[in-house]
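Asks: Given the structure of chain U, go ahead and fit chain F onto it with the hints provided.
Which chain is which? The protein sequence lines are U and F, in order. Take 0 as the starting number for the first sequence in numbering that gives the first Met the number 0 and just add one per residue. Take 0 as the starting number for the second sequence in numbering that gives the first Met the number 0 and just add one per residue.
A hint or two may mislead.
BS3-like cross-link-like pairs, simulated, lysine-lysine; straight-line CA separation at most 30 angstroms [claimed, not checked]:
no.: 1; chain 1: F; residue 1: 162; chain 2: U; residue 2: 88
no.: 2; chain 1: U; residue 1: 151; chain 2: F; residue 2: 33
no.: 3; chain 1: F; residue 1: 100; chain 2: U; residue 2: 151
Because the hints were derived from the structure by calculation, they are not lab data.
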Amino acid sequence: MASVINSVAHVTGAPNWMDELDRRIINQLQGGFPISERPYRDAAQKLDTTENELITRIRCMLDDGLLTRFGPLFHAERMGGALSLCALKVPDDRFDEVTEAVNSFPEVAHNYQREHTMNMWFVLATETAEQLDEAIHRIEERTGLDVYNFPKQAEYYVGLNLQV
Amino acid sequence: MSQTASKNAVNETTPDLDRRLVLATQAGLPLHAKPYHWLASELGVDPELVMARMQAMLDSGRIRRIGVLPNHYRLGFVANGMTVWDISDDAVAEAGEQVGKLDSVSHCYRRPRHLPDWPYNLFAMVHGHNREEVMDEVEAIARLLGDRVRRYDVLFSTRILKKTGLRIGG
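Extracted from the complex, chain U is given alone in its bound form (with noise of 0.2 angstroms):
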């Protein structure tokens, strides 16, 4: 167990310093950023404040990590691209070494642990369906286990739902 990138355990709420204006761009732009020549200026009127002070809470929260990202969220298979949702079943002995090898693998996008014999949870993503297909296959080598792939079948409504 020593190979944790980011542990979850110590986080236990939202940081108390932000204000009402944080919380509703946070509640308020997680779509609909304009696409202008001063978006800015056009979204913090909807918000009730000023384009250089709406940047800067974008900044300031970019750099606190209370934001993942700003910007264009891309539909990857619209993109052209691949996404695959794939499990293993780790043995509890090997587990940091095979964190250590699948997460090697630039494709891996994100790499969770879960309760459950398939207890290793990650999202492949390529630009080309072969791609996906040879990325599984070298895992399966590289580790010596099944990959149960889950690739996406349908996606149903998805909303801009956290609210804080």
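Replies: Then chain F, alone, in the frame of chain U:
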């Protein structure tokens, strides 16, 4: 650099420009008062063209949305349960639409079963401030789905092992 880029831009095809726009913005939009103009000068193209291509990608769904992507963990949503449901194939589409609309669910997909190990075909990611909150939501989903559910399970995440986000090369 912009002079060379401008020459290249003369014969640039739309797919090439779209690809360069993805590469230039996948880490984020510039925090400048005129971000699309800033991108245009980086790429050596007309700002109007940048805005037109961004709008076209948004309209076609290749860009899902433009805005902030909050970090669930940092905002206190530290419990993350991947809920998985075994729903008959003829009922899964309607069930997925209903579950995807719930506030606690951030993603909802149909994925293949791997029998006999894995009977589940509907995946819904549920976030909460703690496990109890997630389990309350799971019970709400179970009630909503009623007797359409044959089996279900919740896989809590215990560690983030890697998180780099989606990137294309270039």
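Asks: Broken hints, numbered, in rising order?
Replies: 2
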